[in-house]
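Enquirer: Sequence:
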Amino acid sequence: MEALQRCNESKYECLLFDMDDTLYPLSLGLNLACRKNIEEFMLEHLEIEEDHVPRLCLELYREHGTTMAGLKAKRNPALIFNIIYALGYEFDNDEFHAYVHGRLPYNNLKPDPVLRNLLLSMPQRKIIFTNADEAHASQVLTRLGLEDCFEGVICFETLNPPPVENVVDEDKDTAAEYIRPSTILCKPALEAMEAAIEIANADPKKTIFFDDSPRNIVSGKAAGLHTVIVGSSTLVAGADHALSSIHNFKEALPELWEGEGIEQFEPTVQPPPVETQVLA
Numbered sequence: 424m425e426a427l428q429r430c431n432e433s434k435y436e437c438l439l440f441d442m443d444d445t446l447y448p449l450s451l452g453l454n455l456a457c458r459k460n461i462e463e464f465m466l467e468h469l470e471i472e473e474d475h476v477p478r479l480c481l482e483l484y485r486e487h488g489t490t491m492a493g494l495k496a497k498r499n500p501a502l503i504f505n506i507i508y509a510l511g512y513e514f515d516n517d518e519f520h521a522y523v524h525g526r527l528p529y530n531n532l533k534p535d536p537v538l539r540n541l542l543l544s545m546p547q548r549k550i551i552f553t554n555a556d557e558a559h560a561s562q563v564l565t566r567l568g569l570e571d572c573f574e575g576v577i578c579f580e581t582l583n584p585p586p587v588e589n590v591v592d593e594d595k596d597t598a599a600e601y602i603r604p605s606t607i608l609c610k611p612a613l614e615a616m617e618a619a620i621e622i623a624n625a626d627p628k629k630t631i632f633f634d635d636s637p638r639n640i641v642s643g644k645a646a647g648l649h650t651v652i653v654g655s656s657t658l659v660a661g662a663d664h665a666l667s668s669i670h671n672f673k674e675a676l677p678e679l680w681e682g683e684g685i686e687q688f689e690p691t692v693q694p695p696p697v698e699t700q701v702l703a
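Okay, so the sequence shown: first residue is 424 according to my numbering, each after it adds one.
There could be a bad hint or two in this list.
Unchecked claim - Across the chosen pairs, the derived CB separations fall in these ranges: (1) Gly511 / Glu467: 15 to 21 Å; (2) Arg478 / Asp626: 40 to 46 Å; (3) Glu470 / Asp626: 28 to 34 Å.
Keep in mind the hints are simulated off the structure, nothing from the lab. Quick reminder that beta carbons are idealized off the backbone N, C-alpha and C, glycines included.
Please construct the entire structure, taking both the sequences and the accompanying hints into account.
Expert: Spelled out as structure tokens, the structure:
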């Protein structure tokens, strides 16, 4: 009841969290290992020239949001070392994720009781929004001891559902709305931000978005969200707050715990802790 009352008095009702390098520090090494695995996938499975892989990996990440999205893109060829890569590679999404994430040093992630207690003390709805796949999100949240701290997870599969197969004729028109598009939808695309807000059933004016990526922060602000850059002590473009660590947000954002009475909205009851579900 106390949490409900505080939530009702607060001007924020939903907190949208990035996961990797936001809920845990970059220094744990998962980011570097993930990039190494992606480069090995490009070399071994797509047979891209070894000397070109690192630069192409980085260029595609910068242009498309993720290297995977860039590899599958059927336009905007990349010019690397005077060689044009037409891209549009065909590979199974699940196989890619299994290869890239299956060998990550998850043992570097340890339970974080401090963050857990902070999250559970907050009356707002809390949702993960990550470009990663469901299996990786589950691994990370479980190892951090945060698997029951969030209402749900918006992940790769949420924004990029598998294609509809074996559809009978009379259902084709309906099913067409759910058929996966040819391009991958992911942050920092504004369309991905807006889709996440809709899936979360959140009011962007009453939602705070936490992310470690400056370009994601820019997109979050463009979508109307309040924004917090994590892992930086200085503000970046589009950020309302800067946190050197996710553990510092109680000091930086005390209003999340203290009702300000500035904006009122319907009471939202935080459900009891249960295993986090993927939102779709």
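Enquirer: For the pair Gly511 and Glu467, does the Cβ-Cβ distance stay inside 15 to 21 Å?
Expert: Holds: the Cβ-Cβ distance is about 19 Å, inside 15 to 21 Å.
Enquirer: Between the beta carbons of Glu470 and Asp626, is the distance compatible with 28 to 34 Å?
Expert: 47 Å, violated
Enquirer: That 40 to 46 Å hint for Arg478 and Asp626 (C-beta), does it hold up?
Expert: Since Arg478 and Asp626 have Cβ atoms about 41 Å apart, the given range 40 to 46 Å holds.
Figure legend: structure checked against the earlier numbered hints; the only hint not met is number 3.
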